[in-house]
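Now for the letters of each chain:
There are 2 protein chains.
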Amino acid sequence: MRALNHPRAEDLDLATVLHALGDPVRLELLRRMAAGDEISCSPEGLIVARSTLSNHWRILREAGITATRISGKTRLISLRRAELDARFPGLLNAVLGEATSILTEL
Amino acid sequence: MRALNHPRAEDLDLATVLHALGDPVRLELLRRMAAGDEISCSPEGLIVARSTLSNHWRILREAGITATRISGKTRLISLRRAELDARFPGLLNAVLGEATSILTEL
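Listed in order, the protein sequences are those of chains A and B.
Going by the UniProt record's numbering, the first residue of the first sequence is number 1, and it counts up by one from there.
Going by the UniProt record's numbering, the first residue of the second sequence is number 1, and it counts up by one from there.
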């Protein structure tokens, strides 16, 4: 059960998805989700203000890139990989091939 | 000879490229350049203010997506396809596979 609004797969828009991915912090979040597991909305090692991070998650969710699940006091976030791959074949692979960790190297 | 500044291929940044592509007008411009020919900076059939269009071209050029060549009073613009494909393999193909003409259908 999802408590937050998520766009349907058929409503995903390429420009919106690219815009959502076009940010170094959001690319880093994407990379961390790429393994397929749910991750915490406050991942370790990111030097980003909580409100800024919350905004990044919102942009990713509203673009249809992520699914957010509320578990107690935590939000768990996962990549909507299958839906994105079906809608925009090759896009995530191309982006993740390049989206190396740029923030954790700082 | 280029009169405008263009980033070097090795300086292209994925987040910047994705952000530049994350706009419906710029996706339409990309699609029009995809055949490989130079196109005019004022392509037909786009209902976009000249100043807005100029800004879109600037964003694409500064991201390293396009090369602008000045010919008399005209600016001719082409896609830096080979450099983008080398730097971000598969990205343009994935984007162009989806970047159908959304503005000319209006």
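Possibly wrong hints are sitting among the right ones.
Quick look at which bits of chain A chain B covers, simulated, 3 or more residues with Cβ under 8 Å [stated by the list, open to error]:
1) 11-20
2) 88-96
Stretch-level coverage of chain B by chain A, calculated; a stretch enters the list once three of its residues show a Cβ under 8 Å from a Cβ in chain A [unchecked claim]:
3) 14-22
4) 79-90
Because the hints were derived from the structure by calculation, they are not lab data.
Backbone N, C-alpha and C define an ideal beta-carbon position, used for all residues, glycine too.
Note to self: Just to make sure I understand the rule, a stretch counts as covered if three or more of its residues have a C-beta closer than 8 Å to a C-beta of the chain. Does the region 11-20 of chain A meet that for chain B?
What the structure shows: holds (count 7)
Notebook entry, point to check: Can the region 79-90 of chain B be counted as covered by chain A under the rule of three residues or more with Cβ-Cβ separation shorter than 8 Å?
Noted result: holds (count 4)
Check: Counting residues of the region 14-22 of chain B whose CB is closer than 8 Å to a CB in chain A, do you get three or more?
Finding: holds (count 9)
Next item on the list: Apply the coverage criterion to the region 88-96 of chain A and chain B: a residue qualifies when its Cβ sits closer than 8 Å to a Cβ of the chain, and three qualifying residues are needed.
Entry: Holds: 7 residues of the region 88-96 of chain A have a Cβ under 8 Å from chain B.
Every hint from the earlier list agrees with this structure, and none is contradicted.
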